[in-house]
Amino acid sequence: MSETASLAMISVQDLAFSYPKANFRLQVPGLKLAAREKVAIVGPSGTGKTTLLNLLAGLLIPQHGKIVIDDSPMTGLRDAARRRLRRRKLGFVFQDFQLIPYLTAYDNILHPYRLDPDARLTAEVRQRAAALAEAVGVSDRLKQLPRALSQGEKQRVAICRALIRSPRLLLADEATGNLDPENKTLILELLFRRVEDDGAALLAVTHDHGLLDRFDRVIDFADFRHSLNTTSEAQHA
Amino acid sequence: MPSLYLALAYLRYHWLKSLVMVLATGLILAVPLVTQSLLTRSQELMTARAQTTPLLLGRQGSAMDLAIKALYFQGQAPQPASMATVDQLWDTGYADIIPLHIRYRAGGAAVVGTSLDYLDFRDFQYQSGRAFSLIGEVVLGSEVARKLELAPGQSLVSQPENLFDLTASYPLQLDVVGVLEPTGSPDDGAIFTDIKTSWIIQGIGHGHDDVIAAGVTPDGVIVANAAQRQFARITDENRASFHFHGDPEGYPVTAVIALPYDHKSKTILRGLFQSPDSSIQAIQPAPLIGQLMESLFRFKAVLDAVVAVVALAALFALGLAVFLSLQLRQAEMRTNYQLGADRWFSLRLVSLELLLLLTGGVALAALAWLTADALVGELVVLLIAPVL
Numbered sequence: 001m002s003e004t005a006s007l008a009m010i011s012v013q014d015l016a017f018s019y020p021k022a023n024f025r026l027q028v029p030g031l032k033l034a035a036r037e038k039v040a041i042v043g044p045s046g047t048g049k050t051t052l053l054n055l056l057a058g059l060l061i062p063q064h065g066k067i068v069i070d071d072s073p074m075t076g077l078r079d080a081a082r083r084r085l086r087r088r089k090l091g092f093v094f095q096d097f098q099l100i101p102y103l104t105a106y107d108n109i110l111h112p113y114r115l116d117p118d119a120r121l122t123a124e125v126r127q128r129a130a131a132l133a134e135a136v137g138v139s140d141r142l143k144q145l146p147r148a149l150s151q152g153e154k155q156r157v158a159i160c161r162a163l164i165r166s167p168r169l170l171l172a173d174e175a176t177g178n179l180d181p182e183n184k185t186l187i188l189e190l191l192f193r194r195v196e197d198d199g200a201a202l203l204a205v206t207h208d209h210g211l212l213d214r215f216d217r218v219i220d221f222a223d224f225r226h227s228l229n230t231t232s233e234a235q236h237a
Numbered sequence: 238m239p240s241l242y243l244a245l246a247y248l249r250y251h252w253l254k255s256l257v258m259v260l261a262t263g264l265i266l267a268v269p270l271v272t273q274s275l276l277t278r279s280q281e282l283m284t285a286r287a288q289t290t291p292l293l294l295g296r297q298g299s300a301m302d303l304a305i306k307a308l309y310f311q312g313q314a315p316q317p318a319s320m321a322t323v324d325q326l327w328d329t330g331y332a333d334i335i336p337l338h339i340r341y342r343a344g345g346a347a348v349v350g351t352s353l354d355y356l357d358f359r360d361f362q363y364q365s366g367r368a369f370s371l372i373g374e375v376v377l378g379s380e381v382a383r384k385l386e387l388a389p390g391q392s393l394v395s396q397p398e399n400l401f402d403l404t405a406s407y408p409l410q411l412d413v414v415g416v417l418e419p420t421g422s423p424d425d426g427a428i429f430t431d432i433k434t435s436w437i438i439q440g441i442g443h444g445h446d447d448v449i450a451a452g453v454t455p456d457g458v459i460v461a462n463a464a465q466r467q468f469a470r471i472t473d474e475n476r477a478s479f480h481f482h483g484d485p486e487g488y489p490v491t492a493v494i495a496l497p498y499d500h501k502s503k504t505i506l507r508g509l510f511q512s513p514d515s516s517i518q519a520i521q522p523a524p525l526i527g528q529l530m531e532s533l534f535r536f537k538a539v540l541d542a543v544v545a546v547v548a549l550a551a552l553f554a555l556g557l558a559v560f561l562s563l564q565l566r567q568a569e570m571r572t573n574y575q576l577g578a579d580r581w582f583s584l585r586l587v588s589l590e591l592l593l594l595l596t597g598g599v600a601l602a603a604l605a606w607l608t609a610d611a612l613v614g615e616l617v618v619l620l621i622a623p624v625l
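As given, the protein sequences belong to chains C and L, one line each in that order. Numbering follows our numbering, with no gaps: position 150 of the first sequence is 150. Positions in the second sequence are counted from 1; adding 237 to them yields our numbering.
It should be emphasised that the hints constitute simulated quantities derived from the structure, not laboratory data. Treat the hints with care, as some may be off.
[Said to hold, decoys possible] Here are a few chain L residues that sit away from chain C, every Cβ distance over 12 Å (derived from the structure): (1) Ser240; (2) Leu243; (3) Phe468; (4) Asp499; (5) Val546; (6) Glu569; (7) Asn573; (8) Gly577; (9) Phe582.
[Unchecked claim] Incomplete in silico selection of chain C near chain L, CB under 7 Å: (10) Arg78; (11) Ala81; (12) Leu115.
None of the values given here were measured: they were computed from a predicted structure. All C-beta atoms, glycine included, are put in the ideal place defined by N, C-alpha and C.
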C-alpha cells in the first residue's frame with residue numbers, strides 16, 4: 001500500500017445484517033479501507049464474504065450500522081440514491097464476468113455510461129475505454145461479442161467495464177476464480193495497477209491463497225483473524 | 238439515446254426472433270387493412286361499372302350471370318338472345334342499343350364482339366392505333382396489350398371453345414389495329430371487335446375459295462371440290478369472300494346494353510320486358526351489383542372475426558415469447574441492477590424493444606397496404622374474377 005493510503009476511503013461501522021428466515025448473521029464492528037489499499041477477503045463458502053460486498057454496494061440493506069463510501073453514506077439512502085451512488089462510485093468485477101451477451105466488448109466496457117441517465121458518452125470516454133482495453137490487452141477484440149472471447153478476455157473486458165467510470169471502490173467477487181494461473185496473476189496485476197493509478201480502493205473476495213501476499217491486507221472470515229494489518233476489523237457471528 | 242441503442246443491439250443480436258415477431262405483427266395488422274382496401278376498391282370499381290350501365294337486356298335466366306358477363310366479361314355465359322331483340326329495341330326508339338357477343342377468348346382474354354358505339358359509350362382513349370373498322374380487326378385493352386406484348390400491326394389467334402371438337406369453330410387470326418389507354422376497369426383485360434368478327438369466330442360466318450365444280454352427277458347436281466380452302470385470316474384479298482349463313486335475326490347476342498334517352502324511356506323499356514312470358518329480361522345492374530357487394534361485405538365481416546381470433550392467438554403467442562425472453566434475461570437485468578441501473582431501466586429497455594418491433598410490424602403492414610392499394614386494380618380482377 002502506498003503512503004497516500006492514510007485517509008479512509010471506505011468506512012464501515014457497527015454493521016449487522018441477517019437474511020430473513022435464515023440462521024445467518026453478519027456483524028462487522030469496523031472496517032476501513034484507504035485509497036489505493038488492496039484488501040482480500042478469504043473464508044469458506046457461506047461465511048458472508050459476498051454478503052459484505054453486496055452490503056457495501058447497497059444491494060442489501062443492513063439492519064444496523066453505517067457504510068460511508070468516499071464521504072457519501074450508503075446506508076439510510078433510498079433505492080434510487082443507492083443506485084446512483086453505485087453507478088458513480090463503485091466498480092464491480094464478477095466471477096462469471098456477467099457481460100451483456102448482445103453487446104460487443106467495446107459496448108460492454110461503455111455499458112455503465114449507458115445505464116446512467118446523467119452521464120454522457122463523450123469522445124473522451126470512448127478514448128478512455130480504448131485506452132483501458134489497450135492496457136489490459138484486448139484492444140484487438142473490441143468488436144467481438146462475448147461468445148467469441150476466451151475466459152481471460154472476458155474477465156479483462158469485465159475489468160475495463162468496472163474501471164471505466166474511475167470508481168472509488170472496486171469490488172471483486174472471485175474475479176480470478178475462472179482463470180488459469182497465468183491469467184490470474186495477470187488480471188490481478190491489472191487490477192492493482194488501475195487501483196493505484198485511479199487512487200481507488202480494492203476489496204476482493206478470493207479463494208486463491210497463492211495470491212494473498214500481493215494484497216495489502218487479508219481479512220479471513222473463517223477464524224475471525226481479520227487482517228495482516230490492524231486498521232480494520234470484521235467479526236462474523 | 239442509450240436505451241434505444243441497447244434495444245437495437247438486442248434486436249440485432251436476436252435477429253431471427255425479431256424478424257419473426259415483426260412478420261407476425263405485420264401480418265396481424267396487414268390482413269384486415271389489405272382486405273378492407275381490396276374490398277372497398279373492388280366495391281368502387283364494380284359499383285361504378287354497374288352505375289354507368291343503365292339498362293341491360295338478355296335472355297331470361299340468371300340476372301347475375303347476365304350482369305357479370307356483360308359488365309365484367311367473367312363467369313358463365315348466359316343463354317344468348319338474338320339479333321331480333323336488338324332490332325326490336327332499336328324499333329322502340331327509346332334508347333341507343335349496343336349488342337355484346339362475349340363467348341370466345343384470345344390470348345386468355347375475352348373477345349367482346351360489339352359495335353363502335355360501345356367504344357364511344359365507354360369513352361375509350363387510344364394509346365396507339367385506332368378503332369376497328371373492318372371484320373377481322375381488334376382493339377386491345379391496355380392489360381391485354383401489356384401481357385401479350387402486342388401492338389397495332391401484330392396479330393393474335395382466337396382460342397377454340399373445345400380443342401377436341403372437330404366440328405366446332407376453328408381459330409381465326411385477329412389483326413390488332415389499336416390499343417386502349419388504361420381505364421382501371423374490366424375493359425383493360427378484354428379484346429374488342431366488331432360483332433360480325435365474333436360471329437365468324439363462332440363459325441356463323443366464314444370465307445373460302447370460290448366453289449369450283451368438280452363435276453356434275455347424271456341427274457345434273459353440281460358437286461363441289463372437297464379440297465375447298467377455308468380462310469383462317471381475314472385479309473384485303475379474301476375479305477369479300479366472307480359471308481354469313483342463316484337468318485340474321487337469329488344471330489346470337491350475349492347481352493344488349495340499352496342507353497335510354499330519358500327516365501321515362503327507361504321505365505317504358507323495363508316495362509316492355511317485365512311480362513313473365515317474355516323470353517327477354519331487362520335488369521338494372523346497379524342494385525344487382527349492390528346486392529352482390531353486400532354479400533361480399535357480409536363475408537368480410539366473417540373474415541374480420543376470424544382474423545380477430547387469429548390475431549388474438551398470435552398476440553398471446555407474442556406475449557408468451559416476450560415473457561419467456563424476459564425470463565431468459567434475468568441475469569442481464571440483474572447485472573444492470575448491480576451496475577446501478579435505475580428502477581425503470583429494464584422496463585424502458587423492453588418497452589423500447591417492443592415498440593421497435595411494433596414499428597417494424599406497422600411499417601410492414603403499411604408497405605403491404607400501400608402495395609395492395611397500388612396494385613388494387615389488378616388484384617381485384619385476380620381476386621374477384623374467380624369468385625364471379
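How the hints compare with the structure:
1. Ser240: violated (8 Å)
2. Leu243: Given a closest Cβ separation of 6 Å, the condition is violated.
3. Phe468: Holds, since 76 Å exceeds 12 Å.
4. Asp499: holds (75 Å)
5. Val546: holds (35 Å)
6. Glu569: Since the minimum Cβ distance to chain C is about 6 Å, Glu569 (chain L) lies within 12 Å and the statement is violated.
7. Asn573: Asn573 (chain L) is in fact no farther than 12 Å from some Cβ atom of chain C, at 6 Å.
8. Gly577: The assertion about Gly577 (chain L) is violated, with a minimum of 3 Å to chain C.
9. Phe582: Nearest chain C Cβ is 6 Å from Phe582 (chain L), so the label is violated.
10. Arg78: violated (10 Å)
11. Ala81: With a minimum Cβ separation of about 11 Å from chain L (threshold 7 Å), the hint on Ala81 (chain C) is violated.
12. Leu115: Interface hint status for Leu115 (chain C): holds (4 Å vs cutoff 7 Å).
Consistency with the previously given hints fails for numbers 1, 2, 6, 7, 8, 9, 10 and 11, ordered from lowest to highest.
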